[in-house]
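*Asks:* Take a look at the letters that make up each chain.
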Amino acid sequence: MGDAHRYIPASDADRDAMLREIGVASIDDLFASIPQSLRLTRGLDIAGPLAESDLVAELSVLARANRDLDGRSQFLGGGAYRHFAPSVVDHLISRTEFYSSYTPYQPEISQGTLQAIFEYQTLICQLTELDISNASMYDGASALAEGILMAERTNPRRRVVVSDAVHPEYLQVSRTYLANLDVEMAPLAHREDGTVDPKAAVAALASKASALVVQHPNFFGCLEDVTALARAARDAGAALIVVVTEPVALGILKGPGSQGADIVLGEAQSFGVPLSYGGPYLGFMAARKNYLRSMPGRLVGEALDADGRRGYVLTLSTREQHIRREKATSNICTNEGLCALTAAIFMATLGKAGLRDLARHNHAKAAYARERIASAKGCSVLHAAPVFNEFVVRLPIAAEAAVAALGERGILPGLPLSRYFPERDRDLLVTVTEVNPRAEIDRLAAELGRLA
Amino acid sequence: MGDAHRYIPASDADRDAMLREIGVASIDDLFASIPQSLRLTRGLDIAGPLAESDLVAELSVLARANRDLDGRSQFLGGGAYRHFAPSVVDHLISRTEFYSSYTPYQPEISQGTLQAIFEYQTLICQLTELDISNASMYDGASALAEGILMAERTNPRRRVVVSDAVHPEYLQVSRTYLANLDVEMAPLAHREDGTVDPKAAVAALASKASALVVQHPNFFGCLEDVTALARAARDAGAALIVVVTEPVALGILKGPGSQGADIVLGEAQSFGVPLSYGGPYLGFMAARKNYLRSMPGRLVGEALDADGRRGYVLTLSTREQHIRREKATSNICTNEGLCALTAAIFMATLGKAGLRDLARHNHAKAAYARERIASAKGCSVLHAAPVFNEFVVRLPIAAEAAVAALGERGILPGLPLSRYFPERDRDLLVTVTEVNPRAEIDRLAAELGRLA
Amino acid sequence: MQPRTLRPPEKLLFEVSRPGRRGSALPPLDVPDPERYDLPAAYLRDELDGFPELSETEVVRHYTRLSRLNYAIDLGLYPLGSCTMKYNPKVNEQVARIAGFGGAHPQMPEAFVQGNLRLMHDLERMLCAICGMDRFTLQPAAGAQGELVGIMMVRAYHVKQGNPRKVVLIPDSAHGTNPASAHIGGYKVEQITSNRKGCVDLEALRRRMADDVAVLMLTNPNTLGVFEPEIEAIAATVHAKGGLIYMDGANLNAFVALARPGDMGVDVHHLNLHKTFSTPHGGGGPGAGPVGVKKPLEPFLPIPTVEKEGDRYRLSHDRPHSIGKVRSFFGNFGMHARAYAYILALGPQGLRRMSETAVLNANYIRRKLEKVYHLPYDSPTMHEVVFSDRNLEAHGVQTLDVAKRLMDYGFHPMTIYFPLIVKGAMMIEPTESESREELDLFVEAMLAIAEEARRDPELVRTAPHTTPIRRLDEVGAARNPVLRWVSSGAPRPEAG
Amino acid sequence: MQPRTLRPPEKLLFEVSRPGRRGSALPPLDVPDPERYDLPAAYLRDELDGFPELSETEVVRHYTRLSRLNYAIDLGLYPLGSCTMKYNPKVNEQVARIAGFGGAHPQMPEAFVQGNLRLMHDLERMLCAICGMDRFTLQPAAGAQGELVGIMMVRAYHVKQGNPRKVVLIPDSAHGTNPASAHIGGYKVEQITSNRKGCVDLEALRRRMADDVAVLMLTNPNTLGVFEPEIEAIAATVHAKGGLIYMDGANLNAFVALARPGDMGVDVHHLNLHKTFSTPHGGGGPGAGPVGVKKPLEPFLPIPTVEKEGDRYRLSHDRPHSIGKVRSFFGNFGMHARAYAYILALGPQGLRRMSETAVLNANYIRRKLEKVYHLPYDSPTMHEVVFSDRNLEAHGVQTLDVAKRLMDYGFHPMTIYFPLIVKGAMMIEPTESESREELDLFVEAMLAIAEEARRDPELVRTAPHTTPIRRLDEVGAARNPVLRWVSSGAPRPEAG
Ligand SMILES: Cc1ncc(COP(=O)(O)O)c(C=O)c1O
Ligand SMILES: Cc1ncc(COP(=O)(O)O)c(C=O)c1O
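Chains as they are written, first to last, in my numbering: chain A, 1 to 452; chain B, 1 to 452; chain C, 1 to 496; chain D, 1 to 496.
With the rest of the complex left out, here is chain A:
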């Protein structure tokens, strides 16, 4: 069999026959254009080939080297959320026609993907209460960077005001994207209750800015007064960009668009996308219709075929890199299509009532946990502002130490804020979702109470 491999049909016999047809003596002749000096003379220094059984064993060993606590007693959030995904979601995205197809450049044989994205765009618009949505961005963080660039494109002021209650990694990524485009990111500090003070926003916006950026619910779990902030932005001629990292909240919270936000973007991993150690995730971006032609990324639109049948196509591609090159609205090409499909199926399966219930349960469980923990010995809830499904707890000891201690007992109590704010070493961001049963919450509160 020579080196015949299961992923490669051509047998040695096939190769020889094809070489004859091509009219060359050997495979090597096909590589004649690579200078001899550059040809690799020895085999690569990597393992394999592995039979499939060994491959599965190898990866199972790696997976077992993780400790996932069977998904129990985890209270981690901070930009990624553990939610239950109905089995139909994975079942449907596992249709090879969905996951093994390319970007739908040829609409006649890609209507499945195109219609699904059109529906996804609609769902995002309904959720955010805005006019338009693109087909996805890499993740919430890069979506923010692109959102800021979009705001600057339509209203160049070389300055944006950004709340410090926005996810730290989102700020980091935005800083990287903006580093060489001379747009200043002016920080806006949150107040003691955990939210941005609209008056402070007014002040910060006084010295011109293209956009005000806030997160809602914000990184500390608190809900912002979006309406007031929108007014502040509008008065200063700036756009309001609302970042959402936990879109489940929009099951009960107003779509920021209806509160005056111009751009709503963020991370939709919560909608059925596996945690998968941080990716692939799903950046989403919605905006008012005036942003249509400066939107980054793919857009799917309705079209009619030669017989007048309704169909869907990639559209307004004159915004994009393959046409506009360096003048494009973004360099994004491959995006997160399958994750958008995942989120759409998740939203469709939960539906109007289901998403509301999901949000209700998340909030109720977090409210319960917050209450229990507030009364735990030595622990205090840091912020007074209302929260959705996460909140900051100040511990009697260093949060890192607390995490280590509870980890031993099979609990991941939350995210130590020191990971992003070294000085806040006793603060723990606790996230509670529908997958945390009351018993887990009670145990968490009890264990936290034992730290003092």
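If you're looking for bench data, these hints aren't it; they were derived computationally from the structure. Be aware that one or more of the hints could be misleading.
[Unchecked claim] Simulated pairs of lysine-lysine, DSS-like, Cα-Cα distance not exceeding 25 Å:
id	chain 1	residue 1	chain 2	residue 2
1	A	327	D	188
2	C	423	B	327
3	B	327	C	371
4	A	327	D	423
5	B	327	C	295
6	D	368	D	197
Small disclaimer: the values here were computed from a predicted structure and weren't measured.
Starting from the known structure of chain A, fit chains B, C and D with the ligands onto it as the hints suggest.
*Replies:* Okay, now just chains B, C and D with the ligands, sitting in the frame of chain A:
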């Protein structure tokens, strides 16, 4: 939402609207034909409804109540075998078009299933070296019962001679099927080397029989002299029925058809069908072409369509219950279609060389284990005849006790024959396949050696 | 009009095969390789003649393409009467594959499979509650095997009474497996003709019933989708003569949580988990046909049974009068797990809503079609409705043509030419899985076809026109059966 | 000729939706339900206006039907040039879903994710070995983001040298993401025109190269599928003036295990795991675009990096000159797991055979088509070949028409109108996943189309004829964009 359930589209509103269209006042009116006395007045005494998350949790609890040793260090066989199945097998049978369709009564929209079964029939014929194969039976045991009935149909002698080295459960099931049809099952004892003595077969067949039934490799793992037994049967005007419970063996062993067997049947679970605690499994049946019209079960045949295109259809259905009623060749209707597809994909993926290699590895590992265990203190290999991938070991202590003891150490050393032969309390049937690494085998031998 | 794709139809595995291609590989052998296997050379084959050689890639393409030639429940209404083609919940496929289940070997000691034993035990309890029976065996692999088990228990029961009796009475509307199973059970089958309502003729039964009759095999609702209104009197009549009632439970979807066989005088019956309880049909199985019995038949249940002792579960073979086994091990456990999940997902209310909706949908279809299609029996419809092609005869259009034409409208046809007591029967079972919109689409298609039959019968007679392949010559296929591929080289064994 | 199915086309989710239908349920809430959520009423919405209401059954049907409107790699050749549409091994989908991976939260402490960290660490080592680079970052979510990371590291490097420089040189044959990424990197883009061979014009480069040029962004093999023969001289020229070489590695499938970017003078380059290393394209992503660098660029890698200490793995943020982050957390880990499995499955020989076969297949197609289709550049072909529609012009048939007509033959078209330096480009990349038989079918289709273009150009110009939908009015769609569904009730916001 009333009682709206995720599996049932009709909402309460839909129900009311439809009732109006039908012209009845209430759902109850639709059940008027059930006498009041028979109407259930209280709810059923069962649990549920469960949300999907609770459902998954509930079944995971049950699964965890099993001890599967992560599939390691198991040496169980005796009619069901642990083999590695390439991931493509489960991936492909998970196409809804395959698993959620019915028996292909309407060929124009069932060619996928029909062609796949036609290919399965061909693969079984190639494997057994016989002319025809049906589309599947419930399992190996009922396949034997049906095979004996088939032999009796074509050559009624009210008597079959059956080796006692055939799987005990197959004999039990055949006895049940034959109980009321006055066909005698005359037992034929195996000799000391673990196989059937062809001379003994000749003697047993002297007093007329429609068939001689042997298993190859037999229940004790030993290979029978099929050629000699075929001669014995032919000379007595009886059919030779060869039972195969481990078809992987046919990767290196001759197809019994080429050795003179008239009917080859058995269990094809080994071909990618999950162990799944005993079922669903895959009964197969192949035979010489003269059995065509007395075959039980479905048969798929080639046909041409109105435009002369080649296609496939269920054929020769005049044999079957839906046409022939009590005169049918069997009462089977729903069979094991998806398992047949599974086996076909498994065989196609392994292919000619792959199945040979698989058989080679099974045999080599069993041979190695047999050698190691033969030299283990207090243990002896019971039979001298050549084996494929299982063999009987006589232990210094009761096999049940040995299994309990090694079970504590995370090893399932094999099947105590006492489960079927109370008197053989120290005999253990040890099965070794490609999934048992050498280290497991060495450890098994070592642990068995410690029993003395 | 659009031409059919120009891509040639999918070849057979064996035609795609090329020497030297590999679709799998084994890890290196970690033990010595015995010389030529130290097996008698005479036992060994040289190679698997004709066996395919394909890369993994080609195998995946082959079966993916084949799959797309099938219709499936996830593509639309699948109204095969008597087959109860309902939605197969995806979560059931997931849970059945949990390693603890899928990987459990049937020869494992009981201590290793407590979870599986508990599942089987609890499923049996659930089925008892649903059907009002005292015990169930989960062993039968399908409905027909359940019938056989039932008949054999009936026989064992009568034998214990001193006389096996001779006859099994079966209505002429029954499914073919009923007489076939009775026959293997060693009984003589006697048909009883249905009355004008399509039901058992009680008078005729009274006249015929005698102590040579072992059992009456009844389907309820019967294959016309009609509930036997006199079931109680029927049972009384049979019991009075020492006979038993076997109920074919294939149609249980009509009244789960609304009525119970056990309350109707039924002594023994099977269920089809692959119908009422949603386990997938798999293009022809696997299924599962549990059989429920009343106390008097308990001693005859197949072995083993699952028994609970304290908090442990064990397999009991201690049943001296058992009929034995009809299948190896414990039956189709994978189907048991799915049915268990399905029942729990629905719960009491859900199961009730399931049957209510199934009956609602069938009556909705009846209502919408009865003015156009001939309804041979106008008895109350439960979960399915049976029409005939009488109204189409004038145009030379038959049931088969309607079935084929339905494919052009994107639907799988109904069950046709069954039950046999209806000439040109069209047996429609929508199940509860269908939305009103899907039912309306189907109704429109049926009405359109009736109209086409009038206006352009040829169009209907030559249907289907939109399928990858057209009507196949089934007669020719049976006359000269080709049941396997043979290399054009080798001489093809003209089977038969 | 066969008519199209009479079943109406699939409606939108929102059109199928009916009030009161439920597709999911939550367990009963096990904590007190705070009154109207104790949240400011002003923050709360009444209901999700327009959101769909469907049963699980309908959701499954909707998406299953939609899926069947797509072409896919498992259905046949998918020769999109530059996209490397190869077989996506099923086992990779399985292993990526192993709970330990799929369930791991990115905020978990390192001690909980040693397996994941090791996988990322080992994958980085493998990529270094394959590409001959010193380190890799796995963070970029796709190739374009990899380009951006590369450009930013280049800039950081030059800044550290005291001058960021101004210009990025990019061949006119380059992919659009190259200039777009350079632009976000804050550079001026300058195109360099390709020579008659379709390659970088070394002389022109020598003339232009100066110390204002930060980097030359090169694709190798370039988008014509041609290996840059003078790559060494090119690198020397650029390096001599203190510039760097960025290689767009999208075409790496051409020479894995045969040559390495690191040996060609490349300082930094990205890979597309979703091309060369088989992670599925998902109908438009996710992908992954790791970036490899030589030592001098190491200080600028994004944070965090994965470091091994003894037998522990940790995330290091200690990289003072890092460009920072371009994506949250660690990139598309799920794709890393798949690529890791793919590389191990193939091993050194397999990877070599992969590229050898990819190049073999491309040359086979070139050979079979070059007599009929115009080959604008006859330089040696590596993994893909680019034809033009020149020979069809006479018949008024264009590349677009050929592409659409290919669908009637059951194939996905090639990449068209790219690279821009070829008028009416047809860019064909078969990859190693195709059997000779599949290539022959494609070749036959291409030759048949050329013949049709001569004999019946209208047939080709109006293609496709066999697809569920025909050519769509893309101009109209862009002129009056409808980017979302709105209830016929509500006023449709005429976007834009
Ligand atoms: C009424 C009836 N009885 C019995 C059967 C046989 O059941 P199975 O196919 O599961 O053997 C069926 C289904 O085919 C049926 O419809
Ligand atoms: C040559 C080339 N460069 C860059 C890219 C961009 O890669 P991605 O789509 O992963 O962002 C692509 C693929 O689209 C490409 O073909």
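*Asks:* Does each hint fit the structure? Answer for all of them.
*Replies:* Verification of the hints:
no. : hint          : verdict
1   : A:327 / D:188 : holds, 11 Å
2   : C:423 / B:327 : holds, 22 Å
3   : B:327 / C:371 : violated, 39 Å
4   : A:327 / D:423 : holds, 22 Å
5   : B:327 / C:295 : violated, 32 Å
6   : D:368 / D:197 : holds, 21 Å
Hints 3 and 5 from the list above are not met by this structure, while the remaining hints are.
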